[in-house]
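Enquirer: Residues per chain, in single letters:
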Amino acid sequence: MRLEYFQMVDRVVSLEADTITVSSQVPEQSPVFEGHFPGHPILPGVLMVETMAQTGGWLLMALNGFAQMPFLLKVSEAKFRGFVTPGTELTVISRRSHDGSGFAVTEARIEAAGKRVADAEISFRLLPFPAADLEAAMRGNARRIGLPGFC
Amino acid sequence: MTSPVFDRIADIIAENSEVPREKITPEAHVINDLGIDSLDFLDIVFAIDKAFGIKVPVEAWTQEVNAGKAPAEQYFVMGNLAQRIEELVAAKGTA
Numbered sequence: 001m002r003l004e005y006f007q008m009v010d011r012v013v014s015l016e017a018d019t020i021t022v023s024s025q026v027p028e029q030s031p032v033f034e035g036h037f038p039g040h041p042i043l044p045g046v047l048m049v050e051t052m053a054q055t056g057g058w059l060l061m062a063l064n065g066f067a068q069m070p071f072l073l074k075v076s077e078a079k080f081r082g083f084v085t086p087g088t089e090l091t092v093i094s095r096r097s098h099d100g101s102g103f104a105v106t107e108a109r110i111e112a113a114g115k116r117v118a119d120a121e122i123s124f125r126l127l128p129f130p131a132a133d134l135e136a137a138m139r140g141n142a143r144r145i146g147l148p149g150f151c
Numbered sequence: 001m002t003s004p005v006f007d008r009i010a011d012i013i014a015e016n017s018e019v020p021r022e023k024i025t026p027e028a029h030v031i032n033d034l035g036i037d038s039l040d041f042l043d044i045v046f047a048i049d050k051a052f053g054i055k056v057p058v059e060a061w062t063q064e065v066n067a068g069k070a071p072a073e074q075y076f077v078m079g080n081l082a083q084r085i086e087e088l089v090a091a092k093g094t095a
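Those protein sequence lines, which keep their order, are chains A and B. Sequential numbering from 1 applies to the first sequence in UniProt numbering. Sequential numbering from 1 applies to the second sequence in UniProt numbering.
Rather than coming from a laboratory, the hints here were simulated on the basis of the structure.
What follows is a set of in silico ranges between Cβ atoms, one per label pair, in the way DEER data are often shown:
id, chain 1, residue 1, chain 2, residue 2, range
1, A, VAL13, B, GLU27, 46 to 54 Å
2, A, ALA78, B, GLU15, 14 to 22 Å
3, B, THR2, A, ALA113, 50 to 58 Å
4, B, GLY53, A, GLU4, 39 to 47 Å
5, A, GLY114, B, ARG21, 43 to 51 Å
6, B, ALA67, A, ARG81, 42 to 50 Å
7, A, GLY82, B, THR2, 43 to 51 Å
8, B, THR2, A, GLU111, 42 to 50 Å
9, A, GLU28, B, LYS69, 53 to 61 Å
Calculated pairs, EDC-like style, for lysine to aspartate or glutamate (alpha carbon to alpha carbon, straight line, at most 16 Å):
id, chain 1, residue 1, chain 2, residue 2
10, A, LYS79, A, GLU50
11, A, LYS79, A, GLU107
12, A, LYS74, B, ASP40
13, B, LYS55, A, ASP99
14, A, LYS74, B, ASP37
15, B, LYS50, A, ASP99
Derived list of chain B stretches under chain A, where covered just means 3 residues or more per stretch with a C-beta under 8 Å from a C-beta of chain A:
id, region
16, 40-53
17, 56-62
Think of the CB as a built atom: it goes at the ideal place given N, C-alpha and C, for glycine as much as any other residue.
Sequences are here, hints too, so could you generate the full structure?
Expert: Structure follows, in structure tokens:
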């Protein structure tokens with residue numbers, strides 16, 4: 001994870017049918033932890049949502065062969081069940097629960113040491129890539145994290 | 001007299017937006033008259049997909065309208081929308 005660059009996913013572990021599993025290590029050091037919180041550094045819940053959203057985004061791009069870019073549409077039922085501290089290894093799982101026309105819905109969860117620490121239903125609007133640079137950057141990131149089909 | 005499909009769709013719209021149920025008539029345009037925004041509309045489509053076990057082809061409809069191949073009313077006036085949904089449900093049954 002590189003929190004300051006919103007780079008939340010380190011590596012794809014598996015991609016099967018409608019489900020992706022990725023891993024991410026929370027950095028030991030980050031300016032984020034200086035403010036959140038002094039003396040009690042924990043990963044902000046909003047960044048856990050972003051981590052689940054990016055995981056779902058990679059899933060959807062893998063499923064549609066990079067035909068469309070997923071943009072965050074809605075976050076429902078987000079729950080944060082435990083503190084996530086610097087250095088924690090996270091496993092993030094996202095499953096496409098609904099394949100709509102121009103949108104998709106995912107069920108996502110984050111686990112640490114086999115225990116669920118966050119989950120949410122996250123919906124995406126699917127649109128053509130608005131810029132060639134963005135598509136190129138996303139394809140580059142897909143290679144970086146080892147997204148099957150884009151390694 | 002409205003159809004059961006119309007009534008179900010109208011209920012879904014009322015549940016997923018701030019539009020009062022009584023305003024949702026067969027003549028109402030989903031966007032122009034009811035003021036449904038794009039987020040609420042996709043929520044409504046999601047609920048319709050689930051309720052009827054179909055995939056409402058919003059992208060194809062929008063492309064037809066934007067290309068001038070179909071009037072927006074054909075898909076986005078409530079009575080016509082209900083009819084399109086009934087056709088999709090019927091097509092699913094024969095597929």
